[in-house]
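S.K.: These protein sequence lines map, in sequence, to chains L and X. Once you know that position 246 of the first sequence is 251 in my numbering, the rest is easy, because the numbers rise by one and skip nothing. Once you know that position 32 of the second sequence is 37 in my numbering, the rest is easy, because the numbers rise by one and skip nothing.
Wrong hints could be hidden among the right ones.
What the hints assert, rightly or not - Derived SDA-like pairs: lysine to any residue, alpha-carbon spacing no greater than 25 Å straight-line:
#: 1; chain 1: L; residue 1: K150; chain 2: X; residue 2: E441
#: 2; chain 1: L; residue 1: K35; chain 2: L; residue 2: R103
#: 3; chain 1: L; residue 1: K150; chain 2: L; residue 2: T298
#: 4; chain 1: X; residue 1: K416; chain 2: L; residue 2: K150
#: 5; chain 1: L; residue 1: K150; chain 2: X; residue 2: W438
#: 6; chain 1: L; residue 1: K150; chain 2: L; residue 2: D139
#: 7; chain 1: L; residue 1: K38; chain 2: X; residue 2: K416
#: 8; chain 1: X; residue 1: K432; chain 2: L; residue 2: S91
#: 9; chain 1: X; residue 1: K455; chain 2: L; residue 2: K150
#: 10; chain 1: L; residue 1: K150; chain 2: X; residue 2: R476
#: 11; chain 1: X; residue 1: K416; chain 2: L; residue 2: Q153
#: 12; chain 1: X; residue 1: K432; chain 2: L; residue 2: F166
#: 13; chain 1: X; residue 1: K455; chain 2: L; residue 2: Q153
#: 14; chain 1: X; residue 1: K432; chain 2: L; residue 2: G163
Said to hold, decoys possible - Covered by chain X, per the in silico footprint, the following chain L stretches (three or more residues, Cβ under 8 Å):
#: 15; region: 101-115
#: 16; region: 145-159
Unchecked claim - Some residues of chain X that are not near chain L, with every Cβ distance over 12 Å (derived):
#: 17; residue: R20
#: 18; residue: V23
#: 19; residue: E55
#: 20; residue: G64
#: 21; residue: P87
#: 22; residue: S106
#: 23; residue: P147
#: 24; residue: G152
#: 25; residue: I206
#: 26; residue: T363
#: 27; residue: T409
#: 28; residue: V447
#: 29; residue: W449
Keep in mind that the hints were calculated from the coordinates and are not lab data. We put the CB at the ideal spot given by N, CA and C, even for glycine.
So you can see what is in the structure, the chains are spelled out below.
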Amino acid sequence: MAESGKRAKGARGSAAERSEDAAGRLAVRKTYKLYLGGAFPRSESGRSYPVTSAKGDHLANAAAASRKDARDAVVAARAAFGGWSSRTGYNRGQILYRVAEMMEGRRAQFTAEIAAADGISRTRAESMVSAAIDRWVYYAGWTDKFIQVIGATNPVSGPYFNSSSPEPTGVVAVIAPPEAPLLGLVSVLAPVIATGNTAVVVASERAPLPAVTLAEVLATSDLPGGVVNILTGRLHELAPHLAAHADVNALDLTGAGELAAGLEEDAAQTLKRVLRPSGDIDWAADPGISWMTPFLEVKTVWHPIGV
Amino acid sequence: MPEQIFEYAPAPESRAVVSLRSCYEPYIDGEFAPAKSGEYLTTVNPADEEPLAEVAVSGEADVDRAVAAARRAFDTVWSAMPGAERGKYLFRIARILQERSRELAVLETLDNGKPVKETRDSDLPLAAAHFFYHAGWADKLPYAGLGPEPRPLGVAAQVIPWNFPLLMLAWKIAPALATGNTVVLKPAETTPLSAMLFAEICQEAELPRGVVNIVPGAGETGRALVGHPGADKVAFTGSTEVGREIARAVAGTGKRLTLELGGKGANIVYDDAALDQAVEGIVTGIFFNQGHVCCAGSRLLVQESIAEELLPRLKARIERLRLGDPLDKNTDIGAINSAAQLGRIRDLAGTGTEEGATAWSPACELPERGYWFPPTVFTGVSQAHRIAREEIFGPVLSVLTFRTPDEAVTKANNTPYGLSAGVWTEKGSRMLWTAERLRAGVVWSNTFNKLDPASPFGGYKESGYGREGGRHGLEAYLG
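Bound conformation, chain X alone (with noise of 0.2 Å):
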């Protein structure tokens, strides 16, 4: 490694703009009141495991009355609305997101431990962006190619995952409240916060009570609101696993379901391609969010001919990462979200090491306290082995090699999942040649991880169905 130019000095930003109260309970029907249930989790900052708060644990009597509430809420206010006035609420939501995105921002780095330089720069303004386009839609619907008079479905029931907390919140609610449906949400287990604080944000907006609903908890919260009677939408984000459990679930009861699951996506770097960028693209691809990214660039398909050329480039760049302080606002790499999804990373990345692939890792001093992974690139690896099948959800890279444009395209097709790829080349033709015949419901060229709430986002055959943003994200909550 050459010398280093210079030091990062430390710069950190300040956790004073969060006020954390000591416990959240659920947000029912405009209030927060004690849970039913009596149970609580606390929530930790992932990166020294030190305790941020307590958070009820919604059960099957809580549920019962976010439900009811949404139900209120959509027949007394909500879907009788006009559309402009729908729309002035969430207006105003993207409003209060922007004004108070430091806070939010912090807050979601110090519960789930991505870089706040990525809760800055990322998650916030696009969860603000996603309401603002939203509330254009609440009075424009019968414009939207979904026939003449599309009708809300009712209450829908949402759950969603810990890797982008508020974000996915956004991708949730937002197109649900424009559309004229109420909303009961679940948060993730192990990143609540955020979305207490929405719940406070939706007051603050003076949004009618009982259009918004948050109900924390663990599977078992889940469940019961999934399953709910008074639901006519489930909408999920989370493992492919948890998809299964859920359509099942939903089978048969005229529910709509739309699923948002996970992925093993192919980055295709053809010998053309602009190397630089690509190396840029690559480590967006799978290390931006500790690789906690449905959509991740985990598969590396290199053309043989410049594999060689490209790995030391790659390596070189990725040995200037800085993992660390989630809160230092020069940081790369975080923690990683909890003791649990740290164990399956090196379970995974451990079969890769026994099944004959090669492992590297730059040289890099992780914390003591807290969960760490380092970044991980995986070469040798073949089509059989778990690290090029199974979705390893952390910063872990497997690169397979191939010679000719139809191999490139088998290779990135040969999974069940279809969520997302990359193609990587210089000449126009190719790249559509490439993106025509990959299977994925989003496939970036000469680019990775780029999110709009303009653009469709959603996979092809076991990484779910139903598409989130722009005008076709509307169908998932229209009738």
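Next comes chain L alone, as it looks inside the complex (with noise of 0.2 Å):
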């Protein structure tokens, strides 16, 4: 691989490590692999990119995933669809709510991550860690409410009961924000899976080890296999082939940047829904409903009412 020459330089691994380096003890380096239907394969393509700090130095080597990866993950995606959407808003939220306990525990680590991909103070990455965390808190506290929010009981001109209520769409493909790797990847994950989405996520291509680690999470928070499956790579080669994918029902555009209106295009033959936020975002900011709204299809009952 061309890349492989830049992996040489620089001093690899987090904080973490670097204490035990000190303590004289050689650290166990993490490999940071896919995470694909509640499991951690590597790149069937066996392809992986080094992933730097913003100093330049090397972090890890990230997989980098192939379409056949991105492939399986709608098939996991799918195949969990059934399963965590008729899930009880109440039992979605115990799970959320467990994501976040789960994440509490790897505070340091997260930290760590944040701190050596972006470049800033062991304060600010502890704080992102924390509303990242009390994001996970929000949406497992909507999972039981959102129906009731946007649903409606509508009062039509005759003798019918008829009700509207939010179901999710399908299987959700989100771009995560390159720029906010954990905070940003939370604020556009938890919202799609809350409302029983599932989801297959591209992650940051810059800063992608805060979304392994947030895998590793998830996969220790009773979150069923295949709800979430998190793709790192290189955007522009997987992002085409999810928006075009016909087994995919909606695209997060959020980090898709300057491939957004390209891919916007890939998505209109299968019609799928596409969320495309414009300028920035305060990730800091009271997310409301609006990163659920448009992953969720309105059905409408009607029966006579008769005796």
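Reassemble the complex: the two chains are provided individually, in unrelated frames, and hints are given to aid placement.
M.R.: Below, the structure is given as structure tokens:
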């Protein structure tokens, strides 16, 4: 691989690993892999790419997912959709809250990864991690409320019961924002699965390591395998396949950057729902319901009233 | 067939209530002005192929003028007008539609070919109700649950189909205007007349000029309109193929888009259903409006154990349907809207027989002139047949069977479409179980093809996105 030349450069490892080094023991490094159907495979292509810190130091080799990996992820997400969407909101809320609990336990690791990736202070990184954890708590609370808030009973002009409820759209491909590798990722992923969708996420290409660590959290939070699938790799390679894939129902282009217009066009063939936020997003702001509604379908059921 | 108890005497509605102009020009900035394109098409009565009127084919220059007029009206009058005042214009329009409903019903039947019984009892009351309903929203938008200060988007480019010309116009224009947007609307090539009469109603209501603009035409006019850089919002009802084309054209422009596209609705009849009611529902589901309905129940899924009992009852009911003069008040099945649509229905129905399904139609005489297709039921249909997969948009029903509720749901959902579905059962828990699993935007249980301005309508999957009607429908026009 052409990129492999860059890998020799720089000291590898997170702050946690370095502290172990200081104790004189050789650290056991982590292999950063994909998260597909609840398992952690390497890319079927055997490829990886070097991930560097904001300062240019080599941090790790992340898997460079292939088109086949993306398709496998869609298969896993589709298989998980029936079960996940039919869980009660209460149950999904319990699981999302569990994700927050598990993240709390890995706070140090997330903080180190974000500080290294974004070149920010430990304090600033910590506050981002806190916000990301709190975002899971926020959406854990929405799971059994959004139907009431977004649904309606409709007063039709006739003897009919008529009610509208939002339902999850299906499999959502999420292009995570590159600039906010943890808080941004959680902010786009949590609303998608809170309402019962399943997700195929393309992590920040620049800073994929927090996404892989998040996958390790998800895998230990009672989240069924396949509900979230996380791909690391080259966005321009992966995104067009997901945008055109006929078994993907919706596309979140938050992190698509200049690829967005082309991806939106690719998505038109299968009439995907497309979310394309405009302008800079303040990830610290109250997200409200605006990140959930693009991936909901309103179903209206009629029934006659009579004796 | 049992002996007829009595004959129906002809009961034609008088067409004297309609005074057609010989030629209709685009309605732009409050006036009918000659089309710059200089092109015209003839709209005909599909029941007898007689020409009704010449109608302009708006060109790019006409669309340009219309969008500019709508922009001006948005900037100077409409978006700043208090909601209560906007609402009063819509109330006025609703009232005029009610007052002129007979005229519009007859005109719609002439131009479209659908029975006057339907235009009179369905299209017109629903169109008026749609304006009345949305009129009341105009000053209550902060309570719609779409944020404390919902804002209109600007100029809405709207393209509507020929199956419910005036009703689809109402579905598009009423919510757009209530939310403070202005409109450029293109009616369908084969059914422009009720939209042109609606333009006169806008004048009669003294709606400020430019708030509503009507640009008749065909595909090219529609393309120019949805592709116009001055449009902030595109709303389309029509085929899934054209929907894809529009989604591609709009991609990357930042325009808001809602699409209401095709369907292949499954109508599921369980073994405990009230059969007489189910038969009525199946007939309404597929033969209402000659089956020119995107939410038609075109796939009947009947539980195997009752298929032998249900099908003879269904056929006996279909034999009682009266096909013929759409202006006759006793007519159930009118004309197919156009020669082109008749060709499509014939082609697809032809594949049904070729692929091995069995066609049945009642003994029924088709008029010699005009575009006609008899009610048709295909049995022995498999999921692989084109008549089970593709939207026919005509009076053609495909019958499939199932054994278990799981199988019914799997077959119902085995389509790229997801607009409507029906469930017939006397058991409440089974109805709710089924409705929950159907991937469709509208589920009619123990009824079919019911529409109401307060009830959101729209599809899952390739049947499009966005909702029309109800609180949810407002979202499409607010930012």
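S.K.: Hint by hint, note whether the structure agrees.
M.R.: A quick look at each hint next to the structure:
For the suggested pair K150/L and E441/X, the alpha carbons sit about 18 Å apart, so the restraint of at most 25 Å is met. Between K35/L and R103/L the alpha-carbon distance is near 23 Å, which keeps this suggested pair within the 25 Å criterion. Straight-line distance between C-alpha atoms of K150/L and T298/L comes to about 13 Å, which keeps the hinted pair within the 25 Å bound. Restraint check: the Cα-Cα separation between K416/X and K150/L comes to about 31 Å, which exceeds 25 Å; the hinted pair is violated.
Proposed proximity of K150/L and W438/X is supported: the alpha carbons are some 21 Å apart, at most 25 Å. As the CA atoms of K150/L and D139/L are separated by approximately 18 Å, the hinted pair is consistent with the 25 Å bound. The hinted pair formed by K38/L and K416/X fails the criterion: a straight-line CA distance of about 38 Å is larger than 25 Å. This hinted pair checks out: K432/X and S91/L have alpha carbons roughly 21 Å apart, not beyond 25 Å.
Between K455/X and K150/L the alpha-carbon distance is near 29 Å, which puts this suggested pair outside the 25 Å criterion. A distance of roughly 18 Å separates the Cα atoms of K150/L and R476/X; the hinted pair therefore holds under the 25 Å criterion. Distance restraint check for K416/X and Q153/L: the Cα-Cα separation of roughly 30 Å exceeds the 25 Å cut-off, and the hinted pair is therefore not satisfied. For the proposed pair K432/X and F166/L, the alpha carbon gap of about 16 Å is at most 25 Å, so the pair holds.
Of the supplied pair hints, the one linking K455/X and Q153/L holds, its CA atoms being roughly 24 Å apart against a limit of 25 Å. Restraint check: the Cα-Cα separation between K432/X and G163/L comes to about 22 Å, which is no more than 25 Å; the hinted pair holds. Counting residues of the region 101-115 of chain L whose beta carbon lies closer than 8 Å to any beta carbon of chain X gives 0, which falls short of the minimum of three for the stated coverage. Figure legend: the region 145-159 of chain L, annotated as covered by chain X; annotation consistent (4 residues with Cβ-Cβ distances under 8 Å, at least 3 required).
For R20/X, the requirement that its beta carbon stay farther than 12 Å from each beta carbon of chain L is met, with the minimum near 29 Å. At roughly 27 Å from the closest C-beta of chain L, the C-beta of V23/X stays outside 12 Å, upholding its exclusion from the interface. Even its closest Cβ contact with chain L, about 36 Å, leaves E55/X beyond 12 Å, as expected for a residue assigned away from the interface. Residue placement check: G64/X keeps its beta carbon more than 12 Å from all beta carbons of chain L (closest about 26 Å).
Against chain L, the non-interface label of P87/X holds: every CB pair exceeds 12 Å, the least being about 25 Å. Non-interface status of S106/X relative to chain L is upheld: no Cβ of that chain comes within 12 Å, the nearest being about 16 Å off. The Cβ of P147/X sits about 15 Å from the closest Cβ of chain L, beyond the 12 Å cut-off, so the non-interface label holds. Non-interface call for G152/X relative to chain L: violated, since the shortest CB-CB distance, roughly 8 Å, does not exceed 12 Å.
Even its closest Cβ contact with chain L, about 22 Å, leaves I206/X beyond 12 Å, as expected for a residue assigned away from the interface. Against the 12 Å criterion, T363/X stays outside the reach of chain L, whose nearest CB is about 32 Å from its own CB. In this structure T409/X is separated from chain L by more than 12 Å, as the shortest Cβ-Cβ distance comes to about 16 Å. Under the 12 Å C-beta cut-off, the non-interface status given to V447/X relative to chain L is violated; the minimum distance is some 5 Å.
With a least CB separation of 5 Å from chain L, W449/X falls inside the 12 Å interface cut-off, contrary to its annotation.
Checked against the numbered hints given earlier, this structure breaks hints 4, 7, 9, 11, 15, 24, 28 and 29; the rest are met.
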